[in-house]
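Number of protein chains: 2
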Amino acid sequence: MSKFWSPLVRELEPYVPGEQPKDKKYIKLNTNENPYPPSPKAIEAMKQAINEDLRLYPDPNSSDLLNALARAYHLQPNQVFVGNGSDEVLAFTFATFFDPAKEVLFPDITYSFYKVYANFYGITPRLIPLDDDFKIDVAAYKGEHGGIIMPNPNAPTANVLPLSDIRKLVEQNPNQVVVIDEAYIDFGAESATSLVSEYDNLLVIHTLSKSRSLAGIRVGFAFGSPELIDGLNRTKNSFNSYTIDRVALAGAVAAIEDVDYFNETRQKVIATRERVSAELQKLGFKCTQSAANFVFVTHPEHDANLLLKQLREQGILVRYFAAPRINQYLRISIGTDEEMDLLVAALAKLVSIHST
Amino acid sequence: MSKFWSPLVRELEPYVPGEQPKDKKYIKLNTNENPYPPSPKAIEAMKQAINEDLRLYPDPNSSDLLNALARAYHLQPNQVFVGNGSDEVLAFTFATFFDPAKEVLFPDITYSFYKVYANFYGITPRLIPLDDDFKIDVAAYKGEHGGIIMPNPNAPTANVLPLSDIRKLVEQNPNQVVVIDEAYIDFGAESATSLVSEYDNLLVIHTLSKSRSLAGIRVGFAFGSPELIDGLNRTKNSFNSYTIDRVALAGAVAAIEDVDYFNETRQKVIATRERVSAELQKLGFKCTQSAANFVFVTHPEHDANLLLKQLREQGILVRYFAAPRINQYLRISIGTDEEMDLLVAALAKLVSIHST
Numbered sequence: 001m002s003k004f005w006s007p008l009v010r011e012l013e014p015y016v017p018g019e020q021p022k023d024k025k026y027i028k029l030n031t032n033e034n035p036y037p038p039s040p041k042a043i044e045a046m047k048q049a050i051n052e053d054l055r056l057y058p059d060p061n062s063s064d065l066l067n068a069l070a071r072a073y074h075l076q077p078n079q080v081f082v083g084n085g086s087d088e089v090l091a092f093t094f095a096t097f098f099d100p101a102k103e104v105l106f107p108d109i110t111y112s113f114y115k116v117y118a119n120f121y122g123i124t125p126r127l128i129p130l131d132d133d134f135k136i137d138v139a140a141y142k143g144e145h146g147g148i149i150m151p152n153p154n155a156p157t158a159n160v161l162p163l164s165d166i167r168k169l170v171e172q173n174p175n176q177v178v179v180i181d182e183a184y185i186d187f188g189a190e191s192a193t194s195l196v197s198e199y200d201n202l203l204v205i206h207t208l209s210k211s212r213s214l215a216g217i218r219v220g221f222a223f224g225s226p227e228l229i230d231g232l233n234r235t236k237n238s239f240n241s242y243t244i245d246r247v248a249l250a251g252a253v254a255a256i257e258d259v260d261y262f263n264e265t266r267q268k269v270i271a272t273r274e275r276v277s278a279e280l281q282k283l284g285f286k287c288t289q290s291a292a293n294f295v296f297v298t299h300p301e302h303d304a305n306l307l308l309k310q311l312r313e314q315g316i317l318v319r320y321f322a323a324p325r326i327n328q329y330l331r332i333s334i335g336t337d338e339e340m341d342l343l344v345a346a347l348a349k350l351v352s353i354h355s356t
Numbered sequence: 001m002s003k004f005w006s007p008l009v010r011e012l013e014p015y016v017p018g019e020q021p022k023d024k025k026y027i028k029l030n031t032n033e034n035p036y037p038p039s040p041k042a043i044e045a046m047k048q049a050i051n052e053d054l055r056l057y058p059d060p061n062s063s064d065l066l067n068a069l070a071r072a073y074h075l076q077p078n079q080v081f082v083g084n085g086s087d088e089v090l091a092f093t094f095a096t097f098f099d100p101a102k103e104v105l106f107p108d109i110t111y112s113f114y115k116v117y118a119n120f121y122g123i124t125p126r127l128i129p130l131d132d133d134f135k136i137d138v139a140a141y142k143g144e145h146g147g148i149i150m151p152n153p154n155a156p157t158a159n160v161l162p163l164s165d166i167r168k169l170v171e172q173n174p175n176q177v178v179v180i181d182e183a184y185i186d187f188g189a190e191s192a193t194s195l196v197s198e199y200d201n202l203l204v205i206h207t208l209s210k211s212r213s214l215a216g217i218r219v220g221f222a223f224g225s226p227e228l229i230d231g232l233n234r235t236k237n238s239f240n241s242y243t244i245d246r247v248a249l250a251g252a253v254a255a256i257e258d259v260d261y262f263n264e265t266r267q268k269v270i271a272t273r274e275r276v277s278a279e280l281q282k283l284g285f286k287c288t289q290s291a292a293n294f295v296f297v298t299h300p301e302h303d304a305n306l307l308l309k310q311l312r313e314q315g316i317l318v319r320y321f322a323a324p325r326i327n328q329y330l331r332i333s334i335g336t337d338e339e340m341d342l343l344v345a346a347l348a349k350l351v352s353i354h355s356t
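These protein sequences, in sequence, are chains A and B.
In this text, residue positions in the first sequence follow our numbering: the first is 1, and each later residue adds one.
In this text, residue positions in the second sequence follow our numbering: the first is 1, and each later residue adds one.
Chain A extracted, bound-state conformation (with noise of 0.2 Å):
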C-alpha cells in the first residue's frame, strides 16, 4: 500500500490470469488456448504488415476490420465495436453500461474478471446464484437492476443456454443492457449475433484468442445496436484513440474471412472435446455437458487440487479455482490429440494408484 495510491487503487483486488510459465515446456491446458496455430492467411497477412509504415498509427477507427466483421456477421459497421483483447472490450462495457448507483447482474460461477471489473468502476455486482447442475435460471434475471452480464458457453463450468433464453432474457429486461460474452460460443452453441439487429439493448461480445487461434495479437469485438456502439467508442475514445496496432488489424480481419480453415480448426476441438469427455468418464470423473474448448471435471475420490499439482510434476498444466463450490474441479483446456491422450493417460495413472 503506497500514499500515492488514489482511493481507488487501494481497493482493487486485481484479476490473475492463467501463469504462462518460462522455466520449461508444458503441455498447456490451463489458459483455453487453441492448439491449433492461427490461419495462413492470417499469419501471411501479418508478414505483409511488418513495413515501413509501422512508423505510422494505425487507423483509430479500425474501418477495414469493422467492415469484414461486419460482412462475416451480417450487420452494418456500425453495429460493431472493436479493441485490444475482448478483455478491453469488457472493461469498456462495464464504464459505459453500468450505472454505479445500481447493481449489475451475473452469475455466482462465471468469469473471475467480472467482480474485478465491477470493483474497478465501483459498480456493485448481485450474484445470482448457478443450479446444483451448474445451469442459469434466466427467470432470475430480472427486477430493479443496473444491467446483465455472463458468458455464454459460462466459463468456467462450460454449460450453453439455448438461444430461445437469451431472447427471454433481453425481451424481461427492456431497459437495460444485457451482455452475452461469447468467448466460446464457435465450439459448438448458437451465437446470439443474430439477435443483435433485433433489440437495443443486447450487446454481444467476441474475441480472436479461442476459435481463431490469435490469443497473441489481442483483439476482441462486440455487436450492437448502434447506439451500444455508439456509447463504447465515446469510452475508448476517453481513453486511447489507438487500441489496435497495424499487424493486428491486419491478421484479423484475414482470420475472420478464412471461414473454411476456422470451421476446420473448431470442429477439430469439438471431436476432441467430445473423445476425451467420453475417456474421462470412464476414469469415474463427472464431467459437465461442455460447449467450449474446455471441459470441467471432478472426481468424487480425488482432489482437485492434489490432481492439479500432481499433473503440473508430470508436465501438464490446468486450471484451477479455490472457489465455493468448484473447488472439487479442474478446468481442462482441449489441445491436440497427442497431448490429450498424455492427459488422460496420466489421470488413468492417477486416479489408479489412488484407488488401490
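Any given hint could turn out to be false.
Claimed, not checked - In silico DSS-like cross-links for lysine-lysine, where the CA-CA straight-line distance does not exceed 27 Å:
#  : chain 1 : residue 1 : chain 2 : residue 2
1  : B       : 349       : B       : 286
2  : A       : 3         : B       : 142
3  : A       : 25        : B       : 47
4  : B       : 286       : B       : 268
5  : A       : 3         : B       : 102
6  : A       : 102       : B       : 3
7  : A       : 47        : B       : 22
8  : B       : 24        : A       : 47
9  : A       : 3         : B       : 168
10 : B       : 102       : A       : 102
11 : A       : 24        : A       : 349
12 : A       : 102       : A       : 41
13 : B       : 3         : A       : 142
14 : B       : 47        : A       : 41
15 : A       : 349       : A       : 25
16 : A       : 22        : B       : 47
17 : A       : 47        : B       : 25
18 : A       : 47        : B       : 47
19 : A       : 309       : A       : 282
20 : A       : 268       : A       : 41
21 : B       : 286       : B       : 22
22 : B       : 41        : A       : 41
23 : A       : 24        : B       : 47
24 : B       : 3         : A       : 115
25 : A       : 3         : B       : 115
26 : B       : 135       : B       : 102
27 : B       : 22        : A       : 41
28 : B       : 3         : B       : 102
29 : A       : 22        : B       : 268
30 : B       : 3         : A       : 168
31 : A       : 115       : A       : 3
32 : A       : 286       : A       : 135
33 : B       : 102       : B       : 115
34 : A       : 47        : A       : 3
As the list claims (entries may be wrong) - Using C-beta positions, here's what the derived DEER-type ranges look like:
#  : chain 1 : residue 1 : chain 2 : residue 2 : range
35 : B       : 129       : A       : 137       : 56 to 62 Å
36 : B       : 76        : A       : 122       : 30 to 36 Å
37 : B       : 59        : A       : 126       : 33 to 39 Å
38 : A       : 226       : B       : 284       : 45 to 51 Å
39 : A       : 283       : B       : 44        : 46 to 52 Å
40 : A       : 283       : B       : 64        : 56 to 62 Å
Think of the hints as simulated: they come from the structure by calculation, not from any bench.
The beta-carbon is built from N, C-alpha and C at its ideal position, and this holds for glycine as well.
We have chain A already, so just place chain B on it with the hints.
Frame of chain A; chain B shown alone:
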C-alpha cells in the same frame, strides 16, 4: 444520447486524434509521426514473431521488455511499467495516482487528452496558465492539490523545461505524484529518467511512437519508484491482463536495443527541424523554441486556420487547435527533408500571395 449509457459516458467529451485520411496520399505532418522507418532490427524481430505461437497469449508481465528497458535506462525492472501505447499508460496513471477528491494540476495549454482522462475518472483539473512566451512556471505548481502532470517538451508548444526545474517540481511536492510525459524528449531535451531512483514521487512516461518510429505497434512505458509501478500494475490487472501483443513485444525489445539507429534517426529529425525553423522564420513565421519533432508556428499576417486549409488543398496535412491563445498557431510535424522543402515552398507561396 442513449438511455443505456452510464452517467459517466453521458458526460464524456472524447479526444479527437489527428486525421489518418485514406482518400489520397498526403504529406502527413499532422500527428508527429517519425518520417523514418522503424529500426531494421525491430522489423526483423517482428517478422520472426509472426509464427504459430501467436495462438498463445503473450507474457502478461512483458518481462523481456521490462528487462530491455531497465538495461537501456540503467534502472531495475521493478521501476518500469509498459502499456498499449503511452495513451494507455496515461489513462492508467490518472486512475492510479490522482484522487478524484483533489484537483490535478496541468498547464492550460498542453496535450488535450489530459482533460479527457480527468473527465473519465471524475477528477477536477486545475489549469495553470503558461506565461506569454508559453513557458511553464514551476513555482506555480505547489500547495494543496492531488498531483501534477505535464509533457516535457510541452505539446503543442514544443517548449522544454530544464532538468533543474523538474527536480524543483518533484521536491516541492513530496506528497503528490509528479508525472512528466516525455513523449518528445529524445529530440533534444534532457530526460528525467535520471532522477527516478532519487525520488519516490516521480513518474516519467515514454513512447515508441515518436523517436522509435513505431506508432503502428502501440507501446508506451513509464519509469518510477517500485511503489508507483506496483500501483500501475494493480490498475492494469484490473482492466486487461494482456495489453501488449507478442509481435509488439518483440519489436519493442529490438527497437530499444538498436541504439545506433535510434541516435541516427533522431539526429536527422533534429537537424531538419533546425533548418526548417530558420526557413520559416525567414518567411515571417514566429516559431517557439522547439525541442520536439514538431514546430509550433504563427504568422502575424496570415490566419492559421486558413493556412491549414490551403495546405490541405495542396496535399499537406498539419495540425490546428481551435483553442484560446493558440488559435493562430499551426503545429507542424518534422518530416523528411524532401517533405519539409515542399512544405516551406507551399507556405512561401501562400504568404507571398496574401502579402501582395
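Given the hint that residue 286(B) pairs with residue 268(B), test it: the Cα-Cα distance must not exceed 27 Å. Roughly 23 Å between the alpha carbons, so the hint for residue 286(B) and residue 268(B) holds.
Hinted pair residue 3(B) and residue 115(A), Cα distance within 27 Å: Holds. Residue 3(B) to residue 115(A) sits at ~24 Å (cutoff 27 Å).
CA of residue 102(A) to CA of residue 41(A), is that 27 Å or under? Roughly 45 Å separates the two Cα atoms, so the pair is violated.
Is the Cα-Cα distance between residue 3(A) and residue 102(B) 27 Å or less? Roughly 14 Å between the alpha carbons, so the hint for residue 3(A) and residue 102(B) holds.
For a C-alpha distance cap of 27 Å, please report whether residue 3(A) and residue 115(B) respect it. Satisfied, since the Cα-Cα distance of roughly 24 Å is no more than 27 Å.
Between residue 25(A) and residue 47(B), is the straight-line Cα distance small enough, at 27 Å or below? 23 Å, holds
CA of residue 3(B) to CA of residue 168(A), is that 27 Å or under? 21 Å, holds
Taking only the CA atoms, is the gap from residue 115(A) to residue 3(A) under or equal to 27 Å? Distance of about 25 Å is within 27 Å: holds.
Holds or violated: are the alpha carbons of residue 309(A) and residue 282(A) at most 27 Å from each other? 22 Å, holds
Is the Cα-Cα distance between residue 3(A) and residue 142(B) 27 Å or less? 18 Å, holds
Does residue 268(B) lie within 27 Å of residue 22(A) when you go C-alpha to C-alpha? 40 Å, violated
Take the C-alpha atoms of residue 349(B) and residue 286(B), compute the straight-line distance between them, and say whether it is at most 27 Å. Status holds; Cα separation ~17 Å.
In summary, the structure is inconsistent with hints 12, 21, 28, 29, 34 and 40 from the numbered list given earlier, while agreeing with the others.
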